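Start from the sequences and build out the full structure, keeping to the hints where you can.
Protein chains in written order, with this note's numbering: chain A, 213 to 304; chain B, 275 to 737.
Since the hints were made in silico from the structure, they are not lab data.
The model shown is predicted, which means the values in this text are computed figures rather than measured ones.
If a hint is listed, it holds; no wrong ones were tucked in.
Examples of chain A residues toward chain B, derived with CB under 8 Å:
(1) P265
(2) V267
(3) F281
(4) S282
(5) G283
Only part of the chain A face toward chain B is listed, based on derived beta-carbon distances under 8 Å:
(6) E284
(7) S285
(8) V286
Pair ranges (Cβ atoms, derived):
(9) A:S285 with B:I627: 40 to 48 Å
(10) A:K293 with B:G401: 38 to 46 Å
(11) A:K293 with B:G535: 26 to 34 Å
(12) A:K293 with B:E377: 51 to 59 Å
(13) A:A301 with B:L586: 52 to 60 Å
(14) B:L470 with A:S285: 56 to 64 Å
Virtual Cβ for every residue (Gly too), placed ideally from N, Cα, C.
Listed here are the chains, written in short residue letters.
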Amino acid sequence: MSSIGNPAPDGGASWLSRRRLLALAATGAGVSVVSVTGLSLASESSGDDDGAPLVISLRDVRNGTIDVFSGESVRTITDKKLVDSLLRAAGR
Amino acid sequence: MSSHREAPEISKDPVADSSDLYAFISHDEPDSVTIIANYVPLQIPASGPNFFEFGDDVLYEIHIDTNGDARPDITYQFRFRTELRNNRTFLYNTGQIESLDSENWNRRQFYSVTRLDSRGKRTELAGRLQCPPCNVGTISIPDYAGLAEDAVHKLKSGEKVFAGQRADAFFVDLGSIFDLGTLRPFQNKHLVGQKLFNFAGKAVNATDRTNVHSIALQIPLHMVRRGGRNRVGVKDAGAVIGVWTSASRRQVEVRGKKGDGDVVVGPQVQVSRLGNPLFNEVIVPMAEKDKWNSLPPSEDKRFAEFVANPELAALLPVLYPGLFDNLAALNKTRQPRADLLAILLTGIPDGVIDGFQNSAGRVQADMLRLNTAVPPAAHENAFGVVGGDIAGFPNGRRIADDVVSISLRAIAGATVPLVDPRFKPDAAATAVEQGLSIKNVSAKLLGKFPFLPTPFDGLNNPS
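Below, the structure is given as structure tokens:
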């Protein structure tokens, strides 16, 4: 995984997998929810709360650009492999 | 209005909609500045069972620039949390509310106050302060004023704070102004009105008998002045502070299903902003208003063109034929309105008005600028600086200042001589007014913090 925004604190995929994942997959301007689990209010702080929900917005399919919203922060990453997985999950 | 529903998007989000901002030195606490930011405008007092409240999902902020760079040196953040006592009733209160800890008061709101310095360092000043209830009615709350007084909190750090419902003390004849720029006292001179009326009309206060939710702060002056100084001179740049308020929401919200909670996550995104009254309302074009609300004051140079040649200045000579000929001639020159650029975007520099300045820098930014060395006026003039009272708007803003009329006069050309002594304002420019005053607000201002009147109660309003 390469990062184009703020780097993941400990190297990308493991950082993502530690959190429950809410995935928003998008192509172009439209955004659709593909899976929602464990809904709850996210923590005000952007600390390392493993239980806090996390939202992914697939901003640019072609370039594999993903916005990862966690706590009060957003990080932008590029991960074409993850993009492919999300698109499959969305039935696309 | 001042900033009530002033932009397309925020008009659909009243909980985050800032409607008025005041900053002034009061007689009772001349060594402190009082700042009041109003939100949730146009509340009908009779609004049960779900009475108005702050948004638990909104970050409310009051920002203070102490060095003229249009960036916050001090920010106060307010976060609210609503709690239910009884989840088996539909009622806001199940009996009389006679104290803030009344068992009969079902839906209460608490808030935290956090102060940020210019480097973003956070200090939580209070974690769980209580708001007063809404003014349900005199049967539910027999002594509302006393109850609200108990909700004024003195912080250990020195500030006084209040957050809760108040009567809206802003006065404006909204119905006429947005009916093709009519001012009822001059309706018989209006382009269309002169065909309909042969008499001057009486203005109507459209916001009377409505409530708002206010966040009020009273801060010792040394805490907001550059260098922490207790005493400064009027000409000292360190005497001037710039104030604005903003409301923000988290960037992402995912609605829960089957009773699950929503997910609210991501950075705060600003959705509302307010410095000078009427700036976004009548200066910024509709197509740019939502963008303006999302930006900080340090970006306001991109809106300077609308201040330099305001649309309203071009409309006045058309709407009131023959009354604004000098203004029309000035408009034709297309010269940027240096008077308005100073008043709204940089502050009035030293040397323009005897014994006064409220400029702290050259950065063009819409902030409410207050020279904190100017003492409260012995006799307030509702026309503020335009009326010879330098303790009033646009030197900060007091609650009773007639900001609508002041802004009308300024845009009509009354303040051009400050920068061009050769210009002779039209007689109408120095006489035009909306025809209202604080006396047209059916509730009395308090003589002490938080100054805004007791909210109108639901039993008797509307009546």
